[in-house]
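Each chain is listed here by its residues.
There are 2 protein chains.
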Amino acid sequence: MDSALKNALIEIVGEDNVTDQLIDMVSYSYDSSEHSHRPDCAVWPQNTQQVSQVLKFANENNLSVIPRGAGTGLSGMCVPIKGGIVLDLNRMNQIISISIEDRIAIVQPGVVYADLEKALAPYGFLFPPDPGSGSVCTLGGNVATNAGGVKGAKYGTTRDYVLGLEVVLADGGIMRTGARTMKCVSGFDLTKLMVGSEGMLGVVTEITLKINPKPTARSTTVASFPDLENAGRAVTQIMYSGIIPSVLEIMDRYTIHCINQNTDLNLPEVDAMLLIETDGYTKEETDYQMAKVIEVLKANNPDQIKQAADDAEAASLWKGRKSAYAVLARIKTHFVLEDVTVPMGNIAALLKGIGRLAEKYDLQIATFGHAGDGNLHPQILYDGYNPDEVHRTEKAVAELFQLTIELNGTLTGEHGIGLAKAPFMHLEHDQNAMAMMRAVKKAFDPKNILNPGKMALEVN
Amino acid sequence: MDSALKNALIEIVGEDNVTDQLIDMVSYSYDSSEHSHRPDCAVWPQNTQQVSQVLKFANENNLSVIPRGAGTGLSGMCVPIKGGIVLDLNRMNQIISISIEDRIAIVQPGVVYADLEKALAPYGFLFPPDPGSGSVCTLGGNVATNAGGVKGAKYGTTRDYVLGLEVVLADGGIMRTGARTMKCVSGFDLTKLMVGSEGMLGVVTEITLKINPKPTARSTTVASFPDLENAGRAVTQIMYSGIIPSVLEIMDRYTIHCINQNTDLNLPEVDAMLLIETDGYTKEETDYQMAKVIEVLKANNPDQIKQAADDAEAASLWKGRKSAYAVLARIKTHFVLEDVTVPMGNIAALLKGIGRLAEKYDLQIATFGHAGDGNLHPQILYDGYNPDEVHRTEKAVAELFQLTIELNGTLTGEHGIGLAKAPFMHLEHDQNAMAMMRAVKKAFDPKNILNPGKMALEVN
Chain A
9 MDSALKNALI EIVGEDNVTD QLIDMVSYSY DSSEHSHRPD CAVWPQNTQQ VSQVLKFANE
69 NNLSVIPRGA GTGLSGMCVP IKGGIVLDLN RMNQIISISI EDRIAIVQPG VVYADLEKAL
129 APYGFLFPPD PGSGSVCTLG GNVATNAGGV KGAKYGTTRD YVLGLEVVLA DGGIMRTGAR
189 TMKCVSGFDL TKLMVGSEGM LGVVTEITLK INPKPTARST TVASFPDLEN AGRAVTQIMY
249 SGIIPSVLEI MDRYTIHCIN QNTDLNLPEV DAMLLIETDG YTKEETDYQM AKVIEVLKAN
309 NPDQIKQAAD DAEAASLWKG RKSAYAVLAR IKTHFVLEDV TVPMGNIAAL LKGIGRLAEK
369 YDLQIATFGH AGDGNLHPQI LYDGYNPDEV HRTEKAVAEL FQLTIELNGT LTGEHGIGLA
429 KAPFMHLEHD QNAMAMMRAV KKAFDPKNIL NPGKMALEVN
Chain B
9 MDSALKNALI EIVGEDNVTD QLIDMVSYSY DSSEHSHRPD CAVWPQNTQQ VSQVLKFANE
69 NNLSVIPRGA GTGLSGMCVP IKGGIVLDLN RMNQIISISI EDRIAIVQPG VVYADLEKAL
129 APYGFLFPPD PGSGSVCTLG GNVATNAGGV KGAKYGTTRD YVLGLEVVLA DGGIMRTGAR
189 TMKCVSGFDL TKLMVGSEGM LGVVTEITLK INPKPTARST TVASFPDLEN AGRAVTQIMY
249 SGIIPSVLEI MDRYTIHCIN QNTDLNLPEV DAMLLIETDG YTKEETDYQM AKVIEVLKAN
309 NPDQIKQAAD DAEAASLWKG RKSAYAVLAR IKTHFVLEDV TVPMGNIAAL LKGIGRLAEK
369 YDLQIATFGH AGDGNLHPQI LYDGYNPDEV HRTEKAVAEL FQLTIELNGT LTGEHGIGLA
429 KAPFMHLEHD QNAMAMMRAV KKAFDPKNIL NPGKMALEVN
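If you read the sequences in order, they're chains A and B.
For what it's worth, my numbering labels the leading residue of the first sequence as 9, then goes sequentially.
For what it's worth, my numbering labels the leading residue of the second sequence as 9, then goes sequentially.
So here's chain A without its partners, still in its complex pose:
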């Protein structure tokens, strides 16, 4: 690393908060995807002013800046593919305020999701998105990626809860967006534009979140279906029943099989399993909803329906689903976890298509995900040291995206574009939409210093 550059950064954040040590450069070279590239250095800013000065300096010197939270992203979003300065926001980790009467929490970007959860629990409140990586991921990362989770169908994703932001712009300017109010239609909605922009439009240094009271009752049921078609039809019919379950998860046969091989859960190895939860304030309410759901399940030839009698039984029903990702991740040397999303009516078709791809490319693909909002996670397990298998995996992924788009779906329901899906942006977005995204990027970051090389925005 250039010593003049290093000294300039040290002047801004202090000696202890700049590194170009090899071990750090390696740590910052990857996230939770298969992509990696080393940065030139990393800094840990302590406050907004330091972020502002780092960006001003970087912009003047045409240096890339890659904002980073916990690095749990699955699409290579914070991989410094063009080198540059990693801006690690983990040390800006204060919960600034919680106001129950105003129904908001104001936090710095480095606050871990679970820490906010803990702070809100005594009030009986929560920030609902509940991403799978909640125990380690940061709220700044949640905002940058518009993180979602198992409760998206009923409670939406991060974007639905971000009311306002403090943002450092590419040139170091500091901007406030949105408001501390539940509603705001004052000017263009720069807040929602920032959410999910993957660190490419600015660096979020403060977040105002809407929070929700925690439901006090729930009902949980698991149903297994020997036939995929029937499970898909059940999902569709649940929508017609007028019930929006707080959770409506699906696991396919191969996922169940792998869980059984690696745990002692002994799940029935059927085509598909649905895990359903309804929530509310009273047990009458959640049972009423669940009765309607069970009626639908019964009408679609289930193998088994198991309703949890209490929280302990519910937890045991959840075990299989919760272990899926980790169990599957250990089976082969490598895996890709996709998050293609389709209208709910097309879930069965997507699952069938994934089965065809597994056969065609002789791959092990386990699929689970959020049937309630159409977001499936096909996890392709492969041997990364076998070039042929790598090649087949790539072909299968490309075809999976093609199929998803044909089914009126989107490349990504919650993992984002980053590097992994950049080559496929053109499948989903027309030329005019791509041009407008580029125009927005240019308006916010004329020199293209913020997390460059992502989202296919540099190709014209």
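By construction, these hints were calculated from the structure, which means they are not laboratory data.
Virtual Cβ for every residue (Gly too), placed ideally from N, Cα, C.
Please note that a few of the clues may not be correct.
Derived DSS-like pairs: lysine-lysine, alpha-carbon spacing no greater than 27 Å straight-line [as the list claims (entries may be wrong)]:
| no. | chain 1 | residue 1 | chain 2 | residue 2 |
| --- | --- | --- | --- | --- |
| 1 | A | K126 | B | K300 |
| 2 | B | K64 | B | K126 |
| 3 | B | K222 | B | K291 |
| 4 | A | K222 | B | K291 |
| 5 | A | K222 | B | K327 |
| 6 | A | K291 | B | K327 |
| 7 | B | K222 | B | K327 |
| 8 | A | K360 | A | K162 |
With beta-carbon atoms standing in for the labels, derived distance ranges [said to hold, decoys possible]:
| no. | chain 1 | residue 1 | chain 2 | residue 2 | range |
| --- | --- | --- | --- | --- | --- |
| 9 | B | E402 | A | Q410 | 53 to 63 Å |
| 10 | B | K455 | A | S331 | 53 to 63 Å |
| 11 | A | M9 | B | L435 | 38 to 48 Å |
We have chain A; now place chain B onto it with these hints.
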């Protein structure tokens, strides 16, 4: 109107769909605010291609284009302040599809809110925002203004339900944004940016909406408070109770007084009245929530608490609130209906401040609104033919905005900026935020042909 221009438009949309008749120009000169200015002509496009051709032509010839729905906006948003072509989208009024299994409705912009409501009712579904003008306003207008209504606290506003759009850009290019899926994090969120952009970034020609099942049970209660402070504290404490009422409306003494003078409702003339509704699937659920709310109300020295025993009684409790706007509108020759919004904890302070302004400027100000999301509607009644009263009204409005910002609020919770609030944008938004809004406008509409002169974006 220039005949070459007129002929060009006729060539695009046909003779029956272009007008420059005086009566039409007068009709298109105003909305539901006090602003007005005549356009040069108006066209009724029948489809997206025609919208595209009109915009292409206008852009090439530097003509302003003002998209328009039902004209129910309260901020002069669709007033053609610089003349130009009004693009009336009312004839693009088809509900393209409703898919309950996918939980979406796809509509053209000219569909009236109530018509979609009617179409969804047989399925037991609805599009929740429920704006006050729902019987006449169009969904395109709802999108352009991010319309909200009485259920915002629990169900959010239009933006929370718009999944995807077809947009005609300033140069006539057609772009699709978002997806037909519940979740999508593919690229920058151009969809949410378009929502609430007041026709300044593009013309929406197709809307994909998320829809909700209609709650099947509700409980309704009215409480009156002799003291404003207590009503404000009750609102705050309801938040702490963990209940988010589906409705939490407030009316002040003067509103109640005016309603009594103009109806036979005989409401108790107290400092403040709260109207509360809880909803869910079962009566047990809604009564459980209401019991918690009533506990809070009782702890704050109410004058009276009245719980509706059935739907008929609920309807009678609603009567007062529903008549407020119309009753107040008739009292003087003119009125301004504001929609300042503050964090809920500051509602009492805002109401008190409004009282002070009424006294200071010797004005009649009646305030009602959505206490559950902090959105109040002070309605200033004045004689528009009395220059002194007009002047005092203007002073009071300016001070109201100043007060709102001091209380961490926003100029507008649901009515938008348009012309009415443009002079106050700088109170709420810092220079960097204003610069980014201008940059976004420039990226989308380099020649500034789309609804120019609004939102204070032309001042540098």
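How the hints compare with the structure:
no.	hint	verdict
1	A:K126 / B:K300	holds (24 Å)
2	B:K64 / B:K126	violated (36 Å)
3	B:K222 / B:K291	holds (14 Å)
4	A:K222 / B:K291	holds (20 Å)
5	A:K222 / B:K327	violated (33 Å)
6	A:K291 / B:K327	violated (33 Å)
7	B:K222 / B:K327	holds (22 Å)
8	A:K360 / A:K162	holds (26 Å)
9	B:E402 / A:Q410: 53 to 63 Å	holds (59 Å)
10	B:K455 / A:S331: 53 to 63 Å	holds (57 Å)
11	A:M9 / B:L435: 38 to 48 Å	holds (45 Å)
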